[in-house]
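Asker: Residues per chain, in single letters:
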Amino acid sequence: MDAQHKESPFSGEFNKRLKQRYQAQQRFKLLGISAIMFALAFLAFLLITIISNGYSAFRQTYVELTVNFEKSIFEGEDLARANYQALINRALDEKFPDVEGRRAKRTLHGMISTGARYQLMDMVQDDPGLIGTTQTIWVPADDDIDMFMKGYVDMSQPESDRRIKDQQAQWIQTWIDNNMIKLRFNRTFFTSGDSRDPELAGIWAAVKGSFYTLVITLALSFPMGVAAAIYLEEFAPVNRITSLIEININNLAAVPSIIFGLLGLAIFINFWGIPRSTPLVGGLVLTLMTLPTIIIAARASLKSVPPSIREAALGVGASKIQTVFHHVLPLAMPGMLTGTIIGMAQALGETAPLLMIGMVAFIVDIPGGFTDPAAALPVQIYLWADSPERGFTEKTSAAIMVLLAFLVTMNALAVYMRKKFEITW
Amino acid sequence: MKPTAGADQDNNTEDTGTEPARRKAGPDLYTEFQQIVGNPYVDNPRMVCRDVYVYYGETCAIKKVSIDVACNEVLAMIGPSGCGKSTFLRCLNRMNDTVSICRVEGEIRLDGMDIYDPSVDVVPLRAKVGMVFQKPNPFPKSIYENISYGPKIHGLTKDKHEMDEIVETSLIRAGLWEEVKDRLNEPGTGLSGGQQQRLCIARAIAVSPEVILMDEPCSALDPIATSKIEDLIAELRTQYSIVIVTHAMQQAARVSQRTAYFHLGNLVEVGDTDQIFTNPKHQLTEDYITGRFG
Ligand SMILES: Nc1ncnc2c1ncn2[C@@H]1O[C@H](COP(=O)(O)OP(=O)(O)OP(=O)(O)O)[C@@H](O)[C@H]1O
Ligand SMILES: [Mg+2]
Chain A
1 MDAQHKESPF SGEFNKRLKQ RYQAQQRFKL LGISAIMFAL AFLAFLLITI ISNGYSAFRQ
61 TYVELTVNFE KSIFEGEDLA RANYQALINR ALDEKFPDVE GRRAKRTLHG MISTGARYQL
121 MDMVQDDPGL IGTTQTIWVP ADDDIDMFMK GYVDMSQPES DRRIKDQQAQ WIQTWIDNNM
181 IKLRFNRTFF TSGDSRDPEL AGIWAAVKGS FYTLVITLAL SFPMGVAAAI YLEEFAPVNR
241 ITSLIEININ NLAAVPSIIF GLLGLAIFIN FWGIPRSTPL VGGLVLTLMT LPTIIIAARA
301 SLKSVPPSIR EAALGVGASK IQTVFHHVLP LAMPGMLTGT IIGMAQALGE TAPLLMIGMV
361 AFIVDIPGGF TDPAAALPVQ IYLWADSPER GFTEKTSAAI MVLLAFLVTM NALAVYMRKK
421 FEITW
Chain B
1 MKPTAGADQD NNTEDTGTEP ARRKAGPDLY TEFQQIVGNP YVDNPRMVCR DVYVYYGETC
61 AIKKVSIDVA CNEVLAMIGP SGCGKSTFLR CLNRMNDTVS ICRVEGEIRL DGMDIYDPSV
121 DVVPLRAKVG MVFQKPNPFP KSIYENISYG PKIHGLTKDK HEMDEIVETS LIRAGLWEEV
181 KDRLNEPGTG LSGGQQQRLC IARAIAVSPE VILMDEPCSA LDPIATSKIE DLIAELRTQY
241 SIVIVTHAMQ QAARVSQRTA YFHLGNLVEV GDTDQIFTNP KHQLTEDYIT GRFG
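Note that the protein sequences, when read in sequence, are chains A and B.
Note that my numbering has the first sequence beginning at 1, numbered continuously upward.
Note that my numbering has the second sequence beginning at 1, numbered continuously upward.
The reader is advised that the hints may include incorrect statements.
Said to hold, decoys possible - Output of the computed footprint for chain A on chain B, the stretches with three or more beta carbons under 8 angstroms from beta carbons of chain A:
(1) 91-101
(2) 165-174
(3) 195-209
The set of hints was computed from the structure by calculation and includes no laboratory data.
Since the model is a prediction, treat every value here as computed from it, not as a measurement.
For glycine and all other residues, C-beta sits at the position ideal for the given N, C-alpha and C.
Work the whole structure out from these sequences, hints included.
Answerer: Next up, the structure:
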């Protein structure tokens, strides 16, 4: 009899199993960590690619020109119609007097952006007193020069394959030696609209277009979504019809966004006759798309309000609607706002439905209202990504950076609101 | 479907087959009604309940309960968990309306008015029949707003001064004034559990109800807070009728004048508290009180 030696239950088989349990836990942890690492690596890769491609777009090559605003050019001419290009060409010719021949001259004149003449025009229109004087000004260089200055042109290639010829490189070298060319902060990018010339293209029109579109979206989808959620969650009887509505709302959230674009095209543009390409119709389409998101988020946050609060209010004799508006809604509001911001962020990044309603058109003017033709940020990115010029590559990445900045800000705002208004019971 | 009353009171005391969970829905539900032992009626009733049935969907949770609530009395309701005390209590101010599957039959009158009459507005009814819940549930607003909310929505005050007065007297009556008078603007959720419960009582009495329903008001509280609330109940009895659900026999014995014992949806026995606790007539009551029952 070895009763004393009876094995403790916590040895042998038990220990083996314990070890296995720990191993399983360890394996799972490793798996999880590697999944996170993988995701982070992709994120880092994405960000690095975008930033390294796009950071150079925030700087722009400018060239110093000594322009003589000759009186003869303006004689008998409207200030807006004077030949400013001639002024620029002459300034260049004076700088490089030994350039001979039409072709060489054309190349030389092409080194300055076509936007420079508008810059001169603005200067003269602001201050006609400039006529007859000589001014030293900085004007944007052509996008090929810009690319060269940013080091994107490979000079080891044969001359015929390059956008910058040897002669041009020489001129640039002269400018560099004289300190007449430099990279400066690219204000144009943040203040102007789209352009055929990369050095003149900016995102301000797209930002404004997106802003107007989102204003419409927010103004329509937030009140409608919240009202629908309150009705469904607090007032609607539970029956076939409401559960059908509920299922459909959930399904709507999963409908591909391009279909909303088609719907918008059919109803808002073709049937109602709202002008195409406008923030108004864009906002309407994005409202359709955002509504289900907001309704679902708002219902979830209404559900998360403890029933004891409703009982408390009903218990002192508040009516149903008082209970909802005095007690439930304020408590659910942070969650609703968070959901709304996330819905808005989604809408901000949405491209496909906007393509369907014509917001993909090439629009140079900065929209001034809800019914002006406009582009939106993601559509602008799409347009630039489609352009062959090397200068648009960096613009594309830079616009993506701007869009991401907006999205991150909106999401951070959502997190902040959630933290700030979180109520602990 | 008419309930067929009259199964003998003695024949199913040990019958475990009558557990509600195992019971099938159907007409046999009604046969389980037992005659109420003791006198459920009083001379000066404030609330009158006659043959009240409550159903959750197909399940019958309250079976033919008839009982009165007198003026200026504390009526305690005791019974094992799930026997329908809360369900019955919530009928008294139509709080059950919020449960969509819940259906109430029978007659419940407050001062002679049938509260389930379709013409009755629940808003003034709930102002007259206040309720204190098991878990303290102050609004996540300031202490002052917690109290002033009821009077405000019912328009009981003309100006801020009157409101201040109501808030102060309610808090004094709830025995909370001394503790919170310097921080009326702090959130009610920041108080301790016992203070929160007294705040909820103050909130209930701020609208000057006639009846106060309390569903296990002390179950989340320590003995000191409990005794404070018991004192408060004794004090409130001078003005209101109080119906209290409790699991603590001692508490029922201390605070109430009459006690009702519920079992599986039946009102088994009702009588003066002294009599119920010293000399219960029904076997089930005795088992429950002496602790022989689960
Ligand atoms: N909302 C509901 N839906 C369906 N059945 C319910 C609902 N509320 C209560 N019931 C059922 O009604 C019966 C009585 O419940 P009730 O809450 O009234 O019991 P109780 O006596 O208050 O119990 P406790 O002492 O545990 O609080 C139980 O069988 C319960 O399952
Ligand atoms: Mg209960």
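Asker: Indicate, hint by hint, whether the structure satisfies it.
Answerer: Results of checking the hints against the structure:
1. Chain A is given as covering the segment 91-101 of chain B, and this holds because 4 residues of the stretch bring a CB closer than 8 angstroms to a CB of that chain, at least three being needed.
2. A count of 0 residues in the segment 165-174 of chain B with a Cβ less than 8 angstroms from any Cβ of chain A is obtained; the coverage claim is therefore unmet, three being the minimum.
3. Residues of the segment 195-209 of chain B lying with their CB closer than 8 angstroms to a CB of chain A number 5, which satisfies the three-residue condition for coverage.
The structure fails hint 2 only (numbered hints given earlier).
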